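K.L.:
All chains, please: the whole structure from these sequences, using the hints.
Chains as they are written, first to last, in the UniProt record's numbering: chain A, 1 to 723; chain B, 1 to 723.
Note that these hints are calculated values from the structure, not bench results.
In this text, all values refer to a predicted model and were calculated from it rather than measured experimentally.
Where is the CB? At the ideal position from N, CA and C, for every residue including glycine.
Honestly, I wouldn't trust all of these hints.
Cut-off 27 angstroms, straight-line C-alpha distance, at most; resulting in silico cross-link-like pairs (DSSO-like, lysine-lysine) [claimed, not checked]: (1) B/Lys278 <-> A/Lys277; (2) B/Lys277 <-> A/Lys619; (3) B/Lys543 <-> B/Lys163; (4) B/Lys277 <-> A/Lys277; (5) B/Lys278 <-> A/Lys261; (6) B/Lys278 <-> A/Lys278.
Simulated coverage check for chain B against chain A, where a stretch passes if three residues somewhere in it have a Cβ under 8 angstroms from a Cβ of chain A [stated by the list, open to error]: (7) 243 to 257; (8) 626 to 634.
Have a look at the derived ranges for each label pair, beta carbon to beta carbon [what the hints assert, rightly or not]: (9) A/Gln580 <-> B/Glu215: 52 to 58 angstroms; (10) B/Glu215 <-> A/Gln42: 51 to 57 angstroms; (11) A/Asn459 <-> B/Arg262: 42 to 48 angstroms; (12) B/His288 <-> A/Glu631: 24 to 30 angstroms; (13) B/Lys111 <-> A/Asp93: 42 to 48 angstroms.
There are 2 protein chains.
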Amino acid sequence: MQQELSTDSSGSRFTPLVVVELASNVKEETIAWLLSRIRDQQQNGGAELFVEQLGPSVEAQEKENPNIFLVGASWQRLLSGAEDVGLFKEYNDGSMRGFTRANKHNFKDFKGDGDGFLSMAECQYIIKHELETLRAKDETHVPGHSQAKLYPGKSIIRRLLSKGLLIQIFPLHEKEELKRLSFSWYKKVKLSLQPLDDIRHYYGEGQALYFGFLEYFTFALVPMALIGVPYYLFDWEDYDKYVVFAVFNLIWCTVILELWKRFSASLAYSWGTLSRKKAFEEPRPGFHGVLGFNPVTGREEPLYPTAKRHLRIYLVSLPFVLLCLYLSLYVMMIYFQMEGWALSVHDEDPTFWTGILIFIPSIIYAVVIEIMNLIYRYAAEFLTEWENHRLESSYQNHLVLKVLVFNFFNCFASLFYIAFVMQDMVLLRQSLATLLITSQILNQFMEAFLPYWLQRRRNKKMIRKVQKKRTLEEKELPLVEQVRLEADMSTYLGTFDDYLELFLLFGYVSLFSCVYPLAAVLVVLNNITEVYSDAFKMCQVFKRPFSDPAANIGVWQLAFEAMSVIAVVTNCALIGMSPQVKAYFPESETQLILWTVAIEHGLLAFKFILAFLIPDIPKHIQIKLSRLEFESLEALKKKVRSHCLVFVSMELIFNIFAIPHSSGGVFITPKWLQTVEEKNHCSVALVKSIIYHPAAVFCFQVCNCQQLCFPLFVLAKAFLIKC
Amino acid sequence: MQQELSTDSSGSRFTPLVVVELASNVKEETIAWLLSRIRDQQQNGGAELFVEQLGPSVEAQEKENPNIFLVGASWQRLLSGAEDVGLFKEYNDGSMRGFTRANKHNFKDFKGDGDGFLSMAECQYIIKHELETLRAKDETHVPGHSQAKLYPGKSIIRRLLSKGLLIQIFPLHEKEELKRLSFSWYKKVKLSLQPLDDIRHYYGEGQALYFGFLEYFTFALVPMALIGVPYYLFDWEDYDKYVVFAVFNLIWCTVILELWKRFSASLAYSWGTLSRKKAFEEPRPGFHGVLGFNPVTGREEPLYPTAKRHLRIYLVSLPFVLLCLYLSLYVMMIYFQMEGWALSVHDEDPTFWTGILIFIPSIIYAVVIEIMNLIYRYAAEFLTEWENHRLESSYQNHLVLKVLVFNFFNCFASLFYIAFVMQDMVLLRQSLATLLITSQILNQFMEAFLPYWLQRRRNKKMIRKVQKKRTLEEKELPLVEQVRLEADMSTYLGTFDDYLELFLLFGYVSLFSCVYPLAAVLVVLNNITEVYSDAFKMCQVFKRPFSDPAANIGVWQLAFEAMSVIAVVTNCALIGMSPQVKAYFPESETQLILWTVAIEHGLLAFKFILAFLIPDIPKHIQIKLSRLEFESLEALKKKVRSHCLVFVSMELIFNIFAIPHSSGGVFITPKWLQTVEEKNHCSVALVKSIIYHPAAVFCFQVCNCQQLCFPLFVLAKAFLIKC
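P.N.:
Structure follows, in C-alpha cells:
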C-alpha cells in the first residue's frame, strides 16, 4: 500500500481504507459510542476494525466538517471478513473456490500472512460489509439522538444513514494504482482492449462487467458498421437492398445476446462471482413499517404489508406511468405538427434557411425527449422509493422497469409512428439520424465535459489552498487533504444510466438501422468515445465506488432480450413494407401480410429455440462447476460416513473409588458399551484406554452421533470432546 | 410390514423388499460373487444388504427360473441409505429437511429405532440406489462371464443389465397396503379427490405428480365443459359466438399452466422433493464409448465425443424425423382424397349407408394415426438409443422431443389444414369430433382392457396351479408364488405415454375447442375414466414401479407451455376468420389481418408478462425455503468462527525424561505456544493440562486450523484429535 499510515488511538498504525463522514452536528456521545462499537471485539458484537478521526486540514476552515473518520483493519480481520462475505478466490488447481482461512495456504497467491492476497477493492468491500452488519444490541435509540430509534438486530449504519446522521461512507482511491490503471486504460495512444482484469481489481466486478459489455457491444457492432458504410456510400436512396440488412439484423441481435451470456459467464467465473452464494438480503435503508418478526430470519424488523405495496404500485405508480406515456405521445404529436409546418414553409419558399429549418423540429424534439427523460427519472425514483420496497434488488427492478418503459416509448414512439403509420421511409431515416446524433452529443456533454469541468475547478481550488501553506517540494497531496478532496467529489450513482444509454443505442441499431445503416457506424464511434469518457469519469471525476460483486448484468440482460424480440417484429414489418418484397405479391396485399406474419412467427420460434439450444455457460466452465459440486457432494458423504473419536478423560472417579490403575476393564465392559449404544442410538467401540492412578483417558470410536452421553460417567469430572 | 419374513443365509430374518432376477444361464460362480458383494460390509465396498434365493414354487416346473433373489436391509442400513440418497422428511417444526441420522430424533414420526419411519417405497428406492452404486473394485470382468467387462468404479448392476445377465430388478407389492390404497382410490362408489398422499406413499412422487396433474387438468377443464354444453345444446350451427369461447380459451390455458406450477411446487414441497439436491448422474446402462477419465469426477468411465453424437442427431435423426413428417403429410393428403370421394358418393346418391360412409375416412385416418404413432415411437426409441446419450435425462429429453413433434404433427396437421387452408369450419368440427372420439376409444382399449384381460388370464392360471396342491384354507398366496406372479406381470414403462395422451388432449381442447365446444366435455369424461383405468392398471396389472423422486412434471411443463403459445396463435387466427369479426371490417381484409396480428402480439406479450409476474412457488413455501437457506448460512458462519479443542495425550515422553508430574509448564511455555502458532498459522491457547506420572493430557483451544502439528511432541506417542 502506497498510502500513508494512520495511527489508531491504541497506538497501532494501519492503512486507511474507508472513510466514514458523520454530520457535523452529531453529538460527542454518539461518536464515542459508534467508535467503540466499531472497535469492539466480534464476540462482544463489535466490528473489530481500526478507526481514527481525520485531523484538521492544512488551512482549517470553520465550515470544515471535523467528523470524518478513517477505517481500516488488520490482515487477520480482513481474511475472516473475506470468509464472512463468501469471497471466491483462485485455488492452487486453477479452479475458483470459496475462501476459508482453514485452507488458506491452498489458494494461489497466498503468501505469508496473506498480506496482498486481497485486493484493496475487496478489502474495502469487506469493511463496508462489516460496518453494515454492525447491529444494535440492546440500545433503544442512538445515544445522544433519541429520535433515531434502534431495536436489537437493526443495522446501526443504515439507521444513521436514514436519519441523516451519517453523510456518507466511501472507499479511498489509491493514487499509485489509479495512475497505473488510468494509463493502461485511456491515457495510452495505442488502441487496444480495455484492461478488464485491472478494472475489476480496482473497481470490482459490477463496473468491470459494464465496461466488458460496452466493449463487447462495440465489437459486435463492427460488422454491422462495415456493412453499413457501402450502403451509405453507394445506395443512399435505394432502400430495396435494406431487406438483406434487416435479415442480417435479426440474426445478429439474437446471436450476440446469447454469446454475451457465455462471455459474461466466463468473466464472472474467472472473477469468482459466478457461483458465489448471495448473502441473505437485509432491508434497504429507506424501508419502514411496523416492527414485527421476519418470517425467514425470526429477527425483529419492520414489516410492510405486500397488499399495501401492490395498491401503491397498481393504483398510483401504474396510472402515473400511463399518464406520462400519454404526455409523451402528446409532445410527439406537437412535434409532427411543427415538422409539418416547417416542411410547408420550406416547400413554399425553399431557401438555405428553410432547409435548415426542416431539421429544427427534430433537434428541439430530441432535446425535449432528453429533458423529459430526466424529469421522469426523478419522478420514478420518488415513486419507487414511496412504494417502500423491502429489498434493494426489488427497488432496483421496479425503478428499471419504470424508467425503461418510459424511455423506450419516449425515444422510439415517433420512429414507430413514422415507420408504420406514416410509412415515410425518408422521414424515418432523417428523424433517426437527428435523434441519434443529438442525443449522443447531449449525452457526451452531460456525462463527461460538465463533471470534468466542475472537477477541474474544484481540484485547482484545493491545490491552490494547499500550496498557500506549503512550498512546492512535495507534489503529492498529504493524506488529510486527499481525504477531504475525495469527500467533496461527486458520487458515482452506479451503472444504471450507462446501461440505459447502451439500451437505447441498441434499440436504434436493432430496430431501424436497416433504413439508416450509418446508425451502427455512429454508435460504434459513440461507444469508443464513451469508453474513454466513462473511464476518465471513473478515475478522475467520481469518488471511488464500493465494488459490487455482480455475476451478470442482471435485469439488463432481460431488457436487451426484450428489445431483440421487438426488433424481430419491427424488422419483419419493415421488410414486408419494402417495395422489393411487395413486388412478389402484385395482386394480393393479404397474401403479403400473411406471409410476413408467418415468417415473423417462424423467426420468433427459431429465436427462442436458438436461445434454448445455446448453453448459457461455456462447457469448460460447466465442467469446472460440476467438478466442484461433485467434490462437495462427495465430501459430504465422507463426512457423514466418517466415524469420529471421542476422548473422555477422568480424574475424580478414581480418587473416589481408589481403583488400581492396572485395568480400565471395570468400567468399559461390552455390556456397558451396549448401554451407551442404546442410549445414544449409535455404535460405540473402545479404541484405546490409558489408565494411571488417578487419571484415565478413554478413546472411543463413535459412529454418527451428535450429542453423546456416557451413563456411568456422570459423576466423573470429564472432558468430552467430539470431532 | 404384513409380508412374510425370509431367512437370510446367516440365519437372520428380514422383510424382502426388492426382487432381483438373474438369467437362468448365469454361472454359479457369478451368483456367489454377486451375493457376496451385496452382503459385504460398506467399508469393504459392499452394499451391506440382506439377500436370499427364492425357493422353488409349489409345483416346481422345469422352465421355472431358479435365479430369483429377495433383497432386504436392516433399519440401520436403510437409515444410512436415506442419508446417502438425500431423502427429505418432515421435521418437528413442520418444515422439510434433509434426513441425517445425527438428528434423526428431531424428525416427525421418528420413534424408537426408526422402524416405520421410512415408507416401503422409500426403502425400495434406497435399496435400488445402493444396488446401483455397487461398484466393481479390481475385477476386470464379471466372474464366470468374461465377455462382461468391468473396470474400477463401474456399476456392477448396470453392466449385468446391459449384458443380459440380469433380467430385472423390481420392488414387491405390499398386499395389505395395496388393498387399502385401491379401495380409497378407485374401488369406492363415492366420487372424491384422489388420495394423492397415499399414492405418493405407495408409488413415489413421480406417479403421484402424474395423477395430481391428471386430476388438476380435469378440474381445470370443468368450466370449459360447462360453457361448452349450452353452446352444443342451443347454438350448434352458430359459430359466431365462438369468439367469446376462443377468448376464454386463451386466458384459460395461460392461467391454468401457471397455477399448476404453483400447485405442483406445493405438492413437491410437502413430499420433500422440491429442494432435494440431485445426485451426480451416472451414465445410463446402454451408454458405450472408449474408456477414459470423466473430467468432472476424475473416475474412469466410457467417453463418447459430443461432436459424433451431434453428427448422428443432425445428419440421421433430424432427416429421419423430417421424412416421417413428410410421410404423415402424404397420408393426410390421401385421407382428404378419400374424404372427397366419400362426399361425392354421398352427394350423388344420399342413402343411410352413404351417410355412414362419410365418417369412414375419418375413422380410418384416426386408426392410421394411432398406428403410425406407435411405429414411430419404436423408431424414435431406437434412434435415440443409437445417439448414445450419456445421461438418462438427456436420452429422455431427446426422445420426448422426437415423439412430441411427430405426434403433434400427425394428430393436428389435418385439423390445421382444414381450418386454415380449406377454411371449412363444418368439416373441422366433424374431423375434430371423429379424431377425438376414435383416439379416446382406441386408447382406453389399448391401455386398460387389453392388459386387464391378459392379467386376469395369467392370475387365474396361477391360482389354479396353487389350488391344485393346497386346500382352500388360505386365501392369500404364499410369498414364493406371489413373487413369481409379480415377476411375470408386465413392467410399467413410466409416465411417458400417459403424459403424451394428456398433451394431445390438451391440444384438442386448447387449439380448436372453440369450433367444437363439446371437446372439453369429452375430455373431462375421458379423464375421469382415465383416472380409474390408470389406477386399476397401476394396482393390478403392472409390477410395482420404483418410486421416482420428481419435483415437477419436467419437460412436459415446457411442452404444455409451448402448446399454449400455439393455442394463442391458433385461436387468434380462428377469431380473425370468424364472420362476426369479419363484419367489423367490411371493406378491407388487410385491416382485419393487421388488427388480428396486433392483438395476437399483444396477447402473446401479455401471456409472457403474466408468466413472469405469477411466482412459480407460492409465498408461504418460498418463506419456508428461504428460512432453511438462511439457517444453513448462519450455521456455516458459526461453524467457521467456532474454536475447536485439541487433546494431546502422551505416555512415552515422561518415561524417557522422567519428569515429576507436578507441572506441565516445562513444555507448554508461551514461547512454545508461539512456535506452534507460527508453524500452523493459527492461534493456540492451553486450556487445561492434567499431568500424572507417566501420563499427561493437554487440552488446547485452536482457532481455525485444519492440520495441526505440534513441533516438540514429535517424539511422543500422542493422540491427536480435532473437532
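K.L.:
Each of the hints needs a verdict: does it hold here or not?
P.N.:
Hints, verified against the model:
1. B/Lys278 <-> A/Lys277: With a Cα-Cα distance of about 18 angstroms, the restraint between B/Lys278 and A/Lys277 holds, given a limit of 27 angstroms.
2. B/Lys277 <-> A/Lys619: holds (22 angstroms)
3. B/Lys543 <-> B/Lys163: Holds - the C-alpha atoms of B/Lys163 and B/Lys543 are around 23 angstroms apart, at most 27 angstroms.
4. B/Lys277 <-> A/Lys277: It holds: about 16 angstroms lies between the C-alpha atoms, which stays within 27 angstroms.
5. B/Lys278 <-> A/Lys261: Status holds; Cα separation ~25 angstroms.
6. B/Lys278 <-> A/Lys278: holds (21 angstroms)
7. 243 to 257: With 0 residues close enough to chain A, the hint is violated.
8. 626 to 634: holds (count 5)
9. A/Gln580 <-> B/Glu215: 52 to 58 angstroms: holds (55 angstroms)
10. B/Glu215 <-> A/Gln42: 51 to 57 angstroms: Since the Cβ atoms of B/Glu215 and A/Gln42 sit about 54 angstroms apart, the hinted range of 51 to 57 angstroms holds.
11. A/Asn459 <-> B/Arg262: 42 to 48 angstroms: Violated - the Cβ-Cβ distance for A/Asn459 and B/Arg262, about 58 angstroms, lies outside 42 to 48 angstroms.
12. B/His288 <-> A/Glu631: 24 to 30 angstroms: About 27 angstroms separates the Cβ atoms of B/His288 and A/Glu631, which means 24 to 30 angstroms holds.
13. B/Lys111 <-> A/Asp93: 42 to 48 angstroms: holds (47 angstroms)
Comparing the model with each earlier hint shows violations of hints 7 and 11; every other hint is respected.
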